[in-house]
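Quick note, the sequences are listed as chains A and B, same order. Using the working numbering, you'd call the opening residue of the first sequence number 6 and step up by one each time. Using the working numbering, you'd call the opening residue of the second sequence number 20 and step up by one each time.
Treat the hints as calculated values from the structure; they're not laboratory data. A virtual CB, placed ideally from N, CA and C, is assigned to each residue, including glycine. Be aware that a few hints might be false.
[What the hints assert, rightly or not] Part of the chain B face toward chain A, derived, beta carbon under 10 Å:
id, residue
1, Ser172
2, Gly175
3, Ser182
4, Tyr185
5, Ile194
6, Arg256
7, Ser259
8, Arg277
9, Arg287
10, Ala306
11, Gly308
12, Phe314
13, Asp320
14, Thr323
15, Glu327
[Stated by the list, open to error] List of simulated lysine-lysine pairs, DSS-like, C-alpha gap at most 25 Å:
id, chain 1, residue 1, chain 2, residue 2
16, B, Lys226, B, Lys192
17, A, Lys160, B, Lys45
18, A, Lys158, B, Lys192
19, A, Lys242, B, Lys192
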Amino acid sequence: MHLLPLLLYAAAAAAYIAHFAWRDPRVGRLATGLLAGGVLAHTFLIGMQTVQAGHAPLVGTSAAISAFVWLLGLSYLYIELTSDERSMGVFISVLLVGLDIIPALDPAVTPRPPVLQSPLFTVHVMSLLFAYASFALACVLGVIYVLLFKEIKAKQLGFFYARLPPLASLDLMNSRAITVGWAFLTIGVLVGLIWAWQVKGSPAPDPRVQAMSLADPKILVALVSWGIYSFALFARKAAGWSGRRAAYLSGIAFAVVLLNFVLVGYFLTASHNF
Amino acid sequence: MRLFAVGLSHRTAPVELRETVDFARKGLENALAELSGRGAGRELVVLSTCNRAEIYAVGDTDETAEQVGRFFSDYHEIPHDHVRDHLYVHRGPDAARHLFRVAAGLDSLVVGEPQILGQVKAAYAIASDGQFTAALTNRLFHSAFTVGKRVRSETGLGEGAVSVSYAAIALAKKIFGDLNGRAVLILGAGEMAKLTGIHLRAQHVRKITIASRTLSTAQNLAARLEGVAVAWDSIDRALSSADIVVTATGASEPVLTRARVDEAMRHRRNRPLFVIDIAVPRDVDPAVGQLDQVFLYNIDDLRTIVQENLARRGAELARAEAIVDEEVARYAAWMQSREIVPTVVALRQRFEAIRRAELQRLEPKLSGLPPEAKARVDEVTRLIVEKLLLTPTEQLKAVSDEAMIVAYADALNRLFSLAQDKDRDQVAPEEESEVSS
């Protein structure tokens, strides 16, 4: 059961690649169907894990990645169905497959330590995961913006020119994704702050709670990424950093997010290693 | 019943003749009514564009094609000799294939051009509104729309602009999306500037500004394009508010230098700028293309794109033809089944009716028999009828030649005086829904 979402995501990725290459609308619909099936199976999986554990499976990096993949798949499906634009699917679905390998190999649900039994914790994690999903979309939009930009600039109208939506649309969607992501990132960080402040005052604080400070890499890098996205929003408004600059920025910023999420989350943090 | 396509096109007729043979001039309704009044064809659709004039007709014999062919000259009051050698006649599935190729743009002067599908749709709508169409043509034209749509979505045939102006507009759309709301600056007021301006105007751009060295020519063009003329020395301001710049002046030195555009970009806060230089010699310094967010295309770049698009369309032809083949086979199978099935059904109904009538007539004599014996009589008579009809039914269903089907149906109708099914020309309710889906 825990492999089913991954298999469906992989099948969807294959179909998205075939659709991108040959542009057969039937293959495109198949790809969407497979992805929707994957997200549905993933919903069931997370639902079952919630019922079994008695709480949402958000503890531990592997579970967090699983929830992230689920949110990203869901967000992308929403965008595809509302914009009727499938060309991003090939990038998103490959990203889903790459990330979902981790929870598929490590499906066990980590029991929730007592310190995390607060609704604030769930809000904190879900907000941040949703922010990261938006940033992932922004990053993919940025990547395809640059691919298309380079083709038009170099007057080599070819593969991507025929397949991707206009630069202005990509830029607009990128701006929206970053705005939404930034809002949720801000909420997530603030709720985390409130929660940490609450539990620090409790009689026997968890050692990990003790480590919650700016010196912890996870927290530090999270704030760095908040800084980068804030700058991206500000620069777009105030200095006209749209288009290619915004695209590069969303790529760099998401690299930082991913680094924090996977590498720092697994190996470096002392405060967030649940 | 047979389907005919009679017509002439850019492939068979010179432009002078195509201009004369124009059914649209007096209205297609008029042509349809007149043709129908002559009794030529039971179902009719007239298609008339600047590159072709075609009539699709359903009739019983080749006489229909003959009549329709004559109509081309009679209606336009020209000697038939002038037209005859330029006319083509397609019959049955070939007629369907012809229409499907036309609808897909495969028969167009510019292969893959998309306008023809709309023209075919309009021609059908007029014929259909005037009640000149029925089952055969309804199905035919809906299949043609399917072919047109499939070719557009499943092949790259219609893709890529094949004229310089359209290539420029396609590029602009790839950069800005909808051009609605974008501002255009045109430098120069000559013929090329005017042509490009007309194309851009058709895209509903928000504002067109025209600058020329002599203000009066700029004002003339501005009036034509519903734009604004500005003085030559104020183009810097216009440049910083424009999204698309078209340069087509006769200047021998570049008008837009890198420094000038760089300065303008600073004022426009880095919003993308698309510069189309269609002047020879060039109006824009090539170094302008190195600026971030500036896309510079000159006339040679656009011509290269057009050449590439034409080559690519050629490569997609085979895929489009395969779609046409598929739909022709589907339509031909439908026509065939339609032709013979009603005859088979009518024949069987006739035999069954005779059997029942005879049993009815013998009822007084049979009434003395025990129920099993009566049932036995019923069964035996049914079996005899079945046996008698077995071979004819199989044989009829195996007939594939269209002319033979008509001959068989005709013979059977006469031999067994089958009910003349007047409804056969009407679309049955379930067929209608299938057609419109």
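Do the hints match the structure? See the list:
| no. | hint | in the structure |
| --- | --- | --- |
| 1 | Ser172 | 5 Å, holds |
| 2 | Gly175 | 7 Å, holds |
| 3 | Ser182 | 15 Å, violated |
| 4 | Tyr185 | 13 Å, violated |
| 5 | Ile194 | 5 Å, holds |
| 6 | Arg256 | 18 Å, violated |
| 7 | Ser259 | 12 Å, violated |
| 8 | Arg277 | 15 Å, violated |
| 9 | Arg287 | 8 Å, holds |
| 10 | Ala306 | 14 Å, violated |
| 11 | Gly308 | 8 Å, holds |
| 12 | Phe314 | 6 Å, holds |
| 13 | Asp320 | 5 Å, holds |
| 14 | Thr323 | 8 Å, holds |
| 15 | Glu327 | 7 Å, holds |
| 16 | B:Lys226 x B:Lys192 | 16 Å, holds |
| 17 | A:Lys160 x B:Lys45 | 47 Å, violated |
| 18 | A:Lys158 x B:Lys192 | 14 Å, holds |
| 19 | A:Lys242 x B:Lys192 | 24 Å, holds |
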